[in-house]
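Asker: Since the structure of chain L is provided, determine the placement of chain V on it from the hints.
There are 2 protein chains.
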Amino acid sequence: MSLESNIKASIRDVPDFPKPGIMFKDITPIFENQVLCNEITEGFIKAISVKPNAIVGIESRGFLFGILLANKLNVPFILVRKAGKLPYKTISHEYALEYGTSKIEMHTDSIKKGWNVLIHDDLLATGGTADAAAHLVEQQGAKVSGFSFVVELGFLNGKQKLNIHSNNITCLAQY
Amino acid sequence: MSLESNIKASIRDVPDFPKPGIMFKDITPIFENQVLCNEITEGFIKAISVKPNAIVGIESRGFLFGILLANKLNVPFILVRKAGKLPYKTISHEYALEYGTSKIEMHTDSIKKGWNVLIHDDLLATGGTADAAAHLVEQQGAKVSGFSFVVELGFLNGKQKLNIHSNNITCLAQY
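Chain order of the listed sequences is L and V.
Per the working numbering, the very first residue in the first sequence carries number 1; after that it's consecutive.
Per the working numbering, the very first residue in the second sequence carries number 1; after that it's consecutive.
Any given hint might turn out to be false.
Chain copies aren't distinguished; within one or between two, either way the pair holds.
[Stated by the list, open to error] Once the Cα atoms are required to be at most 25 angstroms apart in a straight line, the calculated BS3-like pairs of lysine-lysine come out as:
1. K103 x K85
2. K89 x K19
3. K89 x K112
4. K103 x K82
5. K8 x K25
6. K72 x K19
7. K159 x K82
8. K72 x K51
9. K8 x K89
If you're looking for bench data, these hints aren't it; they were derived computationally from the structure.
This is chain L alone, in the form it adopts within the complex:
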């Protein structure tokens, strides 16, 4: 079986979560299979065009493959969290949701100017959060060398939004 079909075999469809009418792609069973986790991490690494100087992972499911990737590549892992969660000096970026706005933050001393940074999250939907994370990277004088996601919901066109930052966008399982 291909990596994509292995991933899809471990994803559980949960109807009406987080609200009626939405079919949620639950990736938690993937983490119960560390052989598959290693294959996914290797799949991300194979698709990297430039070795990044750091991995940025988006709270909280993006922490999981984010830290595995950083650990395998032996580069810093940097946390992006919702506003108010990071204790030290932060920079923040606000972005639009379907209803209202959200804000994410990063510590100001994590990223060095000129670095190539890979942004990871579990799922690419509209791309709003990953785009906000990319703005945080670029505001600090670094470059987004790529994005990696386990799952892409292709009908939401998230890749289009992220292309302005990098066209090295890896999604291992597409719906």
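Answerer: Using the frame of chain L, we list chain V on its own:
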């Protein structure tokens, strides 16, 4: 230098977070040093008395060493999250905070009866959250074989609360 002094050298004290009068122990710089992350993971593994069948990690900083531990030991990683975040069928446990209560959840199909489960979080304070996670493990017919934390705030006596579940409690850096 010892592992404990290496960890302490990477922890940043942030005054008045999350509220005035509290000196927050910020462990995020640790994740920027993957050599240290590997030493911490190995430190946890050395202290394990029984090889666990699974690692439970508590949202969201507990996901970081939780998944590294599970990956190194090649055992399932199981997420404990705040109420309402896990999409599938869950069991939950409510516990007291300084003011009010909090509730955490775990998927019902993650843990098998008779398993030995290691619970991981970044920091042991009063032990309320880790105790609640232990109740979730035990309610499903599994045993808590141990706890692992990067940091312990010893003056809050968290170990006393957790001893009823397991006395294999590892804290790599103590304050």
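Asker: Go through the numbered hints given earlier and state which of them the structure violates, listing their numbers in rising order.
Answerer: The structure conflicts with hint 6 only, although it agrees with all the remaining ones.
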